[in-house]
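**Student:** Residue numbers (the working numbering), protein chains in the order written: chain A, 39 to 197; chain B, 39 to 197; chain C, 39 to 197; chain D, 39 to 197; chain E, 39 to 197; chain F, 39 to 197.
No lab work stands behind these hints, which were simulated from the structure alone. Bear in mind the structure is a predicted one, so any value in this text is a computation, not a measurement. Treat the hints loosely; a few may be bogus.
For chains that are exact copies, the list does not tell them apart, and a pair is met inside one copy or across any two.
Unchecked claim - Within a straight-line C-alpha distance of at most 27 Å, the following computed DSSO-like cross-link-like pairs (lysine-lysine) qualify:
no.	residue 1	residue 2
1	Lys-70	Lys-190
2	Lys-132	Lys-177
3	Lys-190	Lys-133
4	Lys-132	Lys-190
5	Lys-60	Lys-131
6	Lys-197	Lys-70
7	Lys-131	Lys-190
8	Lys-131	Lys-197
9	Lys-81	Lys-60
10	Lys-132	Lys-42
11	Lys-60	Lys-133
6 protein chains.
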Amino acid sequence: MAKKLTHIDAKGNAVMVDVSDKPATARIAVAKGSVFMAAATLKLIDTRKVKKGDVLGVAQLAGIMAAKRTPDLIPLCHPVALSSVTVELVCDKKKSAVHITATCKVTGQTGVEMEALAAVSAAALTVYDMCKAADRGMKIGDIRLVEKSGGKSGRFTQK
Amino acid sequence: MAKKLTHIDAKGNAVMVDVSDKPATARIAVAKGSVFMAAATLKLIDTRKVKKGDVLGVAQLAGIMAAKRTPDLIPLCHPVALSSVTVELVCDKKKSAVHITATCKVTGQTGVEMEALAAVSAAALTVYDMCKAADRGMKIGDIRLVEKSGGKSGRFTQK
Amino acid sequence: MAKKLTHIDAKGNAVMVDVSDKPATARIAVAKGSVFMAAATLKLIDTRKVKKGDVLGVAQLAGIMAAKRTPDLIPLCHPVALSSVTVELVCDKKKSAVHITATCKVTGQTGVEMEALAAVSAAALTVYDMCKAADRGMKIGDIRLVEKSGGKSGRFTQK
Amino acid sequence: MAKKLTHIDAKGNAVMVDVSDKPATARIAVAKGSVFMAAATLKLIDTRKVKKGDVLGVAQLAGIMAAKRTPDLIPLCHPVALSSVTVELVCDKKKSAVHITATCKVTGQTGVEMEALAAVSAAALTVYDMCKAADRGMKIGDIRLVEKSGGKSGRFTQK
Amino acid sequence: MAKKLTHIDAKGNAVMVDVSDKPATARIAVAKGSVFMAAATLKLIDTRKVKKGDVLGVAQLAGIMAAKRTPDLIPLCHPVALSSVTVELVCDKKKSAVHITATCKVTGQTGVEMEALAAVSAAALTVYDMCKAADRGMKIGDIRLVEKSGGKSGRFTQK
Amino acid sequence: MAKKLTHIDAKGNAVMVDVSDKPATARIAVAKGSVFMAAATLKLIDTRKVKKGDVLGVAQLAGIMAAKRTPDLIPLCHPVALSSVTVELVCDKKKSAVHITATCKVTGQTGVEMEALAAVSAAALTVYDMCKAADRGMKIGDIRLVEKSGGKSGRFTQK
């Protein structure tokens, strides 16, 4: 069966998908991503991580706030009344990376995958911003949906 | 010479770096990133790419608009009067990816790296949003600064 | 029976009307409007209209995004969880105009007329912005509600 | 001489026009527009117009605030540091209309036509919003640029 | 019984509190605050207060609009679909102050205390802004929640 | 000499003051304010203050971000390109309060008093939000400008 793009209608117009006939259900989405950096940069972050003014704390808030701004950023996203957003960042010395996980919940007619992915992206950008004077070569990657449940399309997971 | 985090002051406070003594200079930043996807998903995008309502056109606009919202998204970014933003997206069948390039310009006291990176991130998220019904396994990666010039720290390039 | 202004209370205070006792019902609003221009300007738009980068595609997105920003723009509008927004633009050579139609849906305690009208307005402004270097004399007009249903006041239509 | 669309580049990409090489000059733009309504609706507005809580006062503020939000609303508009915004609304019994005039000023590399037009549009939408319970048949029209000066393209006026 | 901070989890992460298991109930919050000023400044406000263009009218709208922006301003606040916002300002010659009261309502899973407090704060700041050329020594104070009902924690009142 | 309200013109229209003829000068504003609370609440904050996830760190970021949003919040404020924002919060056991200081800088045609006051207000509201489950009786007060320099009106200080 051919898959198709749900955000473009038969006439070629971009549309915000009509969810008015969908039931409001409890939905969860979890996204992950990473910021890869020089070992020395990770060390700068890691030595502060349990103190006031840490990079990870600022990035975490940026992620939470971005989840709330998702419909402003992604043109065809529905506005949703998020009931929960959590963002966690951990340092991984082995991979010389900061790993980010965002979890969003809503009871509504549409999912919150984009909210979780936007939270991860904004948190990653904030890590970059705060460390860029030390390391302009950092890379943001592996941003993906790792779990989604609730809604007609059922449960999705990937590593 | 030890590098340090410019966004955290001696007392551990997060700060918006004081740029009031910097001269206003012409600054450019170029960032890149990619959305990796199933071959069938790329084909869905590629067959529309020169028509009205294409995914890439929507993502491009999302990128341009996000560049303007950067100080709202990234907590310690300065507001800047962007003089130019361009975002380009190309399909790469070999890597089964959409590659995104954003270029931002400003004449000001601070650079526009974050604006370029935010544009790439929002464009990538929009590609994800528009194709997610067909392919939830897409990954966003390789988001990085590839060029920066103007300002005291001089020219930076990476591939 | 004398009609009155619902947004001004007995003391002369502007108020966001209290809808807390209204039931949540399915509501639809359709608004229309036009951008009138020189024939040569319309031709510039029309020759691109099925291609990538068309004026109408950018204006359409601007309309959809503005619908979501309505409570930020119109001081006494309620925030609403839009379940659908569509914006369509067509070229009319006879009237030398671009005609815009926006349709908004919500299940809620208040209507979405302002969202539909804001979408039409932003799409019209975007057509103006993109063509202004060619034609500063364009006029935006005929912005009106053409249909409204759901809610206590019942169904409204006009041409 | 053929005119062209400045916001679409040779490859068909929508772009925020590069103004980085333009000098910063003093620029003014004046836009006008009207809300046409039933005589009884105009009377409702007119009898309050010098009192607290008047429709015109709310609409005026909405116009001023919308001018500042223009780059958020119009996808390819530059952010500008507006140095002045004024919005005036007058009742016209003969035409059964409220006429709106917005004047914007900036010293910058790009004009403020869109800011003036956005201010008029938001003020008109606000008049509609505040009177819609009394008169859903109102029409917004005649939105146009009436004056523009400063910048390379010189002075433009129309009635 | 020890009270604790609900917005910080066991690992020290700031979180948007998970309200997904709470029932949607009718909630009201009332907040108050004052702007204290020189007698001459209050007179400037008071003589205009029933006319067009009054300081109190502008401040009132600023308060209503700020209530809607609360989740953008307060990092860990939930987005809520406010069903009513009213803001009232009165002049108090005896205390040489403007007193502000904001009332917010919602039917939802979380309260609207922050919305009411944000409305009071923005209205107070706007009074300051409009009078600051006459009196830079004004003080904003006594911002507090005076009533809250709905929700698990029950009714709260203070003077 | 009679002082007057600069934001209301001769016709009674609220206006964004025209600063187009003012020179761009270096300007600084410092504002202060406090959140008064129960001793037990202050202790909850104080014991975390040097750790990750502290209330003061979240409030500080909220203040910095609010400074950037000032023109969205205060209707007649000019958009400004802030060159520096710092927000500091300290615990005062004697007064059972958190004291907040915000400092804003800009090189521009208009001052940044409102930005500093908005930063203090948002930081104070965030302290309230994060501690409200423990103490709904907190009060926000003493919000005032303590220093202002640059611009025609000269230097202003108060305690």
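**Student:** Look at each hint and say if it fits the structure.
**Tutor:** Structure-based check of all given hints:
{"no.": "1", "hint": "Lys-70 - Lys-190", "result": "within (23 Å within a copy, 33 Å between copies)"}
{"no.": "2", "hint": "Lys-132 - Lys-177", "result": "both (16 Å within a copy, 22 Å between copies)"}
{"no.": "3", "hint": "Lys-190 - Lys-133", "result": "neither (37 Å within a copy, 31 Å between copies)"}
{"no.": "4", "hint": "Lys-132 - Lys-190", "result": "neither (39 Å within a copy, 33 Å between copies)"}
{"no.": "5", "hint": "Lys-60 - Lys-131", "result": "neither (45 Å within a copy, 36 Å between copies)"}
{"no.": "6", "hint": "Lys-197 - Lys-70", "result": "both (9 Å within a copy, 25 Å between copies)"}
{"no.": "7", "hint": "Lys-131 - Lys-190", "result": "neither (40 Å within a copy, 31 Å between copies)"}
{"no.": "8", "hint": "Lys-131 - Lys-197", "result": "both (20 Å within a copy, 24 Å between copies)"}
{"no.": "9", "hint": "Lys-81 - Lys-60", "result": "neither (48 Å within a copy, 29 Å between copies)"}
{"no.": "10", "hint": "Lys-132 - Lys-42", "result": "between (40 Å within a copy, 22 Å between copies)"}
{"no.": "11", "hint": "Lys-60 - Lys-133", "result": "neither (42 Å within a copy, 36 Å between copies)"}
Violated hints, listed in ascending order, are 3, 4, 5, 7, 9 and 11; each of the other numbered hints is respected by the structure.
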